[in-house]
Amino acid sequence: MINIYESTITAAKEIPPYGEEGEAVSTIQRDPENRVQVLDEDGNLVGEPPDLDEDTLIDIYRDMKLARHFDERAVSLQRQGRMGTYPPLSGQEGAQIGSAHALADDDWMVPSYREHGAAVVRGLPLKQTLLYWMGYEAGNDVPEDANILPVAVPIASQIPHASGLAWSWKLQGHDDTAGICYFGDGATSEGDFHEGLNFAGVYDVPMVFFCNNNQWAISVPRERQTASETLAQKANAYGFEGVQVDGMDPLAVYKVTQDALEKARNPDEDQPRPTMIEAVQYRFGAHTTADDPTVYRDEEEVERWKAKDPIPRLEAYLRSEDVLDDDAVAEIEATVERQVDEAIDAAESEPRPDPEEMFEHVYADLPPELQAQRDEFVATVDRHGKDAFLEEE
Amino acid sequence: MINIYESTITAAKEIPPYGEEGEAVSTIQRDPENRVQVLDEDGNLVGEPPDLDEDTLIDIYRDMKLARHFDERAVSLQRQGRMGTYPPLSGQEGAQIGSAHALADDDWMVPSYREHGAAVVRGLPLKQTLLYWMGYEAGNDVPEDANILPVAVPIASQIPHASGLAWSWKLQGHDDTAGICYFGDGATSEGDFHEGLNFAGVYDVPMVFFCNNNQWAISVPRERQTASETLAQKANAYGFEGVQVDGMDPLAVYKVTQDALEKARNPDEDQPRPTMIEAVQYRFGAHTTADDPTVYRDEEEVERWKAKDPIPRLEAYLRSEDVLDDDAVAEIEATVERQVDEAIDAAESEPRPDPEEMFEHVYADLPPELQAQRDEFVATVDRHGKDAFLEEE
Amino acid sequence: MSETQNLTLVQAVRDGLATEMELDDDVVALGQDIGANGGVFRATQGLQDEFGEQRVIDTPLAESGIIGSAIGLATGGMKPVPEIQFSGFMYPGFDQIVSHMARYRTRTRSRFSLPMVLRAPYGGGIRAPESHSDSKETFYTHEAGLKVVMPSTPYDTKGLLISAIRDPDPVVFLEPKLIYRAFREDVPTEAYEVPIGEAAVRREGSDVSVFTYGAMTRPTLEAAENLAEEGVDAEVVDLRTVSPMDREAIVESFKKTGRGVVVHEAPKSGGLAGEITALLQEEALVYQEAPIQRVTGFDVPVPLYAMEDYYLPNAARVEDGIREAVEF
Amino acid sequence: MSETQNLTLVQAVRDGLATEMELDDDVVALGQDIGANGGVFRATQGLQDEFGEQRVIDTPLAESGIIGSAIGLATGGMKPVPEIQFSGFMYPGFDQIVSHMARYRTRTRSRFSLPMVLRAPYGGGIRAPESHSDSKETFYTHEAGLKVVMPSTPYDTKGLLISAIRDPDPVVFLEPKLIYRAFREDVPTEAYEVPIGEAAVRREGSDVSVFTYGAMTRPTLEAAENLAEEGVDAEVVDLRTVSPMDREAIVESFKKTGRGVVVHEAPKSGGLAGEITALLQEEALVYQEAPIQRVTGFDVPVPLYAMEDYYLPNAARVEDGIREAVEF
Ligand SMILES: Cc1ncc(C[n+]2csc(CCOP(=O)(O)OP(=O)(O)O)c2C)c(N)n1
Ligand SMILES: Cc1ncc(C[n+]2csc(CCOP(=O)(O)OP(=O)(O)O)c2C)c(N)n1
Ligand SMILES: [Mg+2]
Ligand SMILES: [Mg+2]
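Protein chains in written order, with the UniProt record's numbering: chain V, 1 to 393; chain X, 1 to 393; chain U, 1 to 328; chain W, 1 to 328.
Where hints are given, some of them may not hold.
To be verified - Under the rule of at most 35 Å between Cα atoms (straight-line distance), these lysine-lysine pairs were calculated in the DSBU-like manner:
#1 K170(X) x K127(X)
#2 K386(V) x K127(V)
#3 K386(X) x K127(X)
#4 K256(W) x K255(U)
#5 K255(W) x K256(U)
#6 K255(U) x K255(W)
#7 K170(V) x K386(V)
#8 K306(X) x K127(X)
#9 K127(V) x K170(V)
#10 K256(U) x K256(W)
Worth flagging that the hints you see were computed from the coordinates, not collected in a lab.
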């Protein structure tokens with residue numbers, strides 16, 4: 001496993017240029033093993049960058065910083081007992097933020113459970129993410145204008161939803177809506193991955209299947225998850241393209257995602273709309289705060305991947321292009337810290353839930369039996385007091 | 001759909017020779033679209049035949065005739081109300097008999113529900129197949145020396161069993177056992193196909209996954225089942241080879257299966273043991289006797305495929321090689337008819353089941369509650385008489 | 001007066017679907033072989049001709065994919081009506097049913113409801129192969145967030161199916177294939193609703209209450225008629241919706257008679273008969289005059305068809321159950 | 001006297017598995033993260049070091065594949081012990097459980113039995129994320145051919161696990177993760193069996209019988225002790241095996257007290273409490289002095305953890321239930 005990244009990525013010179021005039025989808029129509037890259041580990045340009053204005057480049061940088069800082073704070077909240085089990089994302093910002101930025105306003109995102117970074121780009125307030133992992137139902141409130149499906153805990157189960165959602169746009173004639181569906185390397189082993197992608201191929205739906213291959217499914221390394229050489233090549237079984245991208249290179253991710261979304265919206269004749277993107281990356285931290293990665297992987301491996309950290313990499317590039325300087329970085333850091341502070345304060349001010357909340361949102365109208373259960377329970381809690389049920393906070 | 005067969009099979013000249021010295025697996029390591037063929041539609045040799053003695057060739061011919069005749073009788077039994085729903089196999093004998101003959105005595109077969117032909121090669125008495133489709137539990141009795149797992153009705157659900165069974169041989173060190181797992185074109189869409197083949201790739205198990213692509217999953221044609229060009233190429237997602245074979249050419253099927261089994265047993269270094277074979281074929285009749293195929297397909301299409309009937313094809317070849325003549329064919333036909341007659345007589349002599357049979361074989365030892373249910377029910381049937389429950393026969 | 005057609009139960013399924021698809025463009029049907037083939041039981045016969053391939057859609061052979069993509073269609077604003085060919089093939093899609101279909105409203109605080117109807121023929125008695133005869137409704141009634149409907153007449157079938165499609169919540173609609181073509185009824189051509197959650201008293205009686213639903217309603221009524229000749233006056237309550245159950249109707253009937261029998265073809269252990277018994281003794285123990293009898297399938301896999309008539313409750317067994325309740 | 005170790009329940013799982021793997025080479029464990037990681041709850045900690053990668057096997061992330069290939073391993077003569085990481089993730093493998101694991105013996109007239117044990121931690125109370133807290137044992141108790149075990153103590157856990165592995169039939173072994181580490185017990189180091197299908201009276205009493213199992217045994221005993229101070233003498237029966245249930249023990253206790261309470265964290269509708277109530281009124285109606293109380297989870301999805309303590313029965317609710325039964 002530890003050689004997967006190196007073996008192909010170091011062959012940077014073999015990567016053909018793309019994005020030249022008239023070759024809009026050339027980042028996609030390539031051998032799955034021929035990984036797309038724009039920046040090398042030090043932030044030097046090794047491929048054609050996507051056509052982005054300075055503001056967007058800075059936004060991508062800022063959002064990665066925000067995701068990283070949020071992540072660090074969340075992990076520490078969990079350690080202090082102020083939050084439950086939380087799945088960190090550090091290391092994966094390049095893939096999440098790069099891809100989410102490629103979406104148009106009306107596009108949709110179908111997450112797994114680790115895309116807190118992509119979600120914030122799509123309009124989900126950080127407070128909601130905190131509340132969710134603090135175990136509050138209120139965390140499930142998503143603003144009506146945030147085009148995002150809910151967190152899906154059962155691995156790969158969101159993939160058929162993504163196919164169905166994109167299919168609904170086609171059936172309803174919203175030609176220019178497209179979407180992105182995130183899942184992990186482990187998820188590719190589930191039947192729902194297979195069934196979901198097969199439906200996408202058969203109905204030719206405008207969905208981009210974005211695999212965050214972070215090398216590990218908890219303790220199971222990528223190469224024991226499946227015997228196929230790449231995950232990207234699995235797309236071939238469904239009649240559409242799969243492509244590998246350096247998932248720790250936000251600009252390469254942006255470019256590939258944009259090309260895939262463009263193809264989803266406006267395919268050439270006989271060109272399939274769906275694409276699978278395998279974003280090769282690494283999770284720096286634990287699988288969740290309940291996990292101890294030192295049991296199954298070497299610190300040395302982690303260090304090797306930390307050298308590819310997407311944040312300093314983009315920062316170096318933006319500094320070299322004079323888009324960022326020390327002041328700008330400091331200001332971004334300050335803003336990001338404030339934003340996360342405010343979100344934590346807001347989340348921690350959430351009142352303890354009332355027992356009747358449990359019965360809301362089960363059905364549009366509560367059936368009589370459930371009304372009876374609720375009323376009886378509310379009376380029980382009144383009789384005994386909340387403290388007989390909920391732990392002191 | 002109707003062009004799939006033609007489009008590649010007519011390009012017979014493009015099919016490279018195989019089976020030459022030192023090229024034991026060349027029928028397998030080829031492009032999935034490069035379909036293997038030995039006999040053309042008229043029984044002329046167009047590829048290297050497998051190395052088979054005359055007796056085996058005659059056995060293959062005889063078993064195909066037996067399967068065909070059994071099938072015709074079974075369909076007619078169903079029409080006469082003497083049997084329930086039955087899934088016919090006519091047209092698919094080449095794939096079933098050719099592949100089953102390639103198995104060694106100790107090898108195993110994991111069927112779906114249509115492999116009555118392959119099963120008889122593996123030692124399952126015809127009487128059992130009849131009883132099964134007549135709804136008798138006794139049909140589930142399989143001789144201890146018949147290495148065959150039970151009929152699996154839920155589509156594709158037997159595939160993970162096949163992977164597990166082959167894995168058990170590896171774990172137990174029976175190096176030279178291998179197996180074949182049958183399933184249809186429709187089955188490739190199920191999650192269990194994906195999970196089963198992925199396990200086979202990861203644990204590198206000695207199993208051959210044999211897809212009877214008969215072009216239809218009930219009324220759904222192959223090309224609407226999945227957008228991939230071939231089914232064989234799906235194997236690539238699991239890190240092993242997939243190959244297409246002319247499934248109505250019993251000799252090509254034999255050859256490819258033999259090569260795949262050989263590789264399963266004795267792989268070269270770094271060569272994966274599993275193989276997926278897509279045997280391109282056609283079901284001449286209905287999906288089951290409950291199905292009316294004229295609703296969804298043209299007679300013309302059926303006729304076109306009937307021209308590829310594996311039985312006259314092999315017969316023509318064997319006659320041209322002087323292995324068969326009129327007398328031999330007549331004798332085979334007479335034997336086959338007698339065999340099927342006897343099996344039907346035996347099956348139809350099966351006594352009506354007793355009510356207590358229903359409670360047998362649920363657990364090794366019947367739990368008290370179930371004993372009580374049984375005893376009470378037996379008393380009920382005694383009280384009312386069997387006729388109050390079972391229809392008159 | 002409104003027009004009617006004389007329809008079988010399976011024709012009423014088709015008619016209910018067609019009627020609502022006519023009225024509501026968001027309704028789409030999808031499943032294996034439901035298009036040109038019209039479904040293996042012809043429940044969607046001709047619908048593809050009528051509504052086109054975009055609204056009556058043949059799918060690949062993948063139950064989790066069918067249910068999962070229907071969930072996706074519903075999040076996209078449509079009202080999908082997926083068909084699973086036999087209820088015994090819902091299991092490969094079980095995770096989608098339990099983890100998502102049932103829980104999506106809760107998980108999204110009602111931002112997304114899933115106005116979908118998962119149809120499947122259920123039950124035994126048609127001499128079908130293995131796995132084709134299951135009656136495992138409690139797998140779904142035990143999961144909050146789902147409604148589960150099991151009609152027993154053509155009239156109810158159309159009305160309940162239309163209610164189910166219009167219901168903002170996901171409905172599992174289990175069709176009694178044993179009686180798909182057993183009899184006909186006059187069914188209005190227009191759209192109408194039979195409310196979800198209301199039982200129907202099929203036969204009034206004063207001696208004993210017999211609770212049943214779906215295909216078992218007929219042998220139950222037959223048994224009640226047979227026993228009437230012996231002077232036993234049984235009330236037969238057809239639940240129609242098994243989740244949420246019409247507890248009021250059940251309790252009311254029982255309070256009247258003080259004796260109860262529950263009939264279903266699902267296995268005894270963990271079947272609805274236990275739930276109904278528990279309900280009755282919670283709500284009406286003081287009225288109870290005899291143990292409630294469970295006349296159900298046995299705790300065995302449904303046997304192959306030569307023995308399935310032993311497995312399924314029939315009029316003789318229902319009569320025995322009623323007698324036990326009455327003679328206690 | 002035999003040696004003992006002082007173990008938690010999860011350590012007893014590990015010890016039971018190790019003990020039997022030592023004795024029987026056919027036993028293999030497989031599942032997600034059970035190897036180097038030792039399982040997410042450490043139930044297989046160190047086993048891979050002890051028995052090697054061929055007997056303690058990390059699998060791909062695919063529940064149907066895990067259960068299905070375990071079935072295949074069993075047909076090949078092995079005794080697989082697959083672990084599903086949380087019982088809420090058994091659903092993607094539900095078809096393999098229901099259509100195959102449960103029915104393989106019947107389908108093959110006992111040519112193949114499936115001596116396998118499907119382990120999974122179940123239940124709430126550990127502040128885990130969504131889908132991680134399900135207690136849906138009736139999905140399995142309703143399927144004939146399976147045995148379902150839910151232990152509540154370290155001693156029983158080891159003995160029942162060994163019995164389950166040795167049992168020729170497939171067993172679903174649901175482990176109460178809430179009490180994985182809640183307390184320790186002396187557990188013999190050697191192999192021993194606790195028989196499947198036998199309940200244990202955890203507290204003798206004469207006023208009321210309280211039936212429970214798994215993680216709910218502790219709050220139930222706590223409630224019983226609390227009420228003893230008020231002069232209510234409750235008998236607490238721990239079922240240990242929920243299928244087949246020890247009907248004799250249940251009925252016997254009830255006949256003694258005439259009053260019953262059932263406690264489980266599974267949802268009320270369709271939970272085992274209904275089944276037990278039905279059993280009691282079938283077998284012992286004349287002894288019954290009060291409605292049997294169901295103290296259970298509610299008919300809602302298990303809420304996220306901030307509210308899960310509302311969802312789970314606790315001592316206060318059990319006490320209320322017992323009082324209702326006693327004061328009726
Ligand atoms: C169906 C199912 N099985 C098991 C789990 C437990 N689980 C949670 S995350 C995880 C690993 C997922 O790995 P991957 O898909 O690579 O995503 P990552 O966590 O690395 O982002 C597992 C096994 C689950 N949530 N759902
Ligand atoms: C899980 C499941 N879903 C649906 C069915 C109903 N069914 C039986 S056969 C069949 C078509 C199978 O097609 P294919 O795999 O191509 O095999 P063939 O019948 O053509 O041999 C279907 C849908 C089933 N048996 N199992
Ligand atoms: Mg991963
Ligand atoms: Mg087919």
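Going down the list of hints, with the structure as the test:
{"no.": "1", "hint": "K170(X) x K127(X)", "verdict": "34 Å, holds"}
{"no.": "2", "hint": "K386(V) x K127(V)", "verdict": "25 Å, holds"}
{"no.": "3", "hint": "K386(X) x K127(X)", "verdict": "25 Å, holds"}
{"no.": "4", "hint": "K256(W) x K255(U)", "verdict": "28 Å, holds"}
{"no.": "5", "hint": "K255(W) x K256(U)", "verdict": "28 Å, holds"}
{"no.": "6", "hint": "K255(U) x K255(W)", "verdict": "25 Å, holds"}
{"no.": "7", "hint": "K170(V) x K386(V)", "verdict": "50 Å, violated"}
{"no.": "8", "hint": "K306(X) x K127(X)", "verdict": "28 Å, holds"}
{"no.": "9", "hint": "K127(V) x K170(V)", "verdict": "34 Å, holds"}
{"no.": "10", "hint": "K256(U) x K256(W)", "verdict": "31 Å, holds"}
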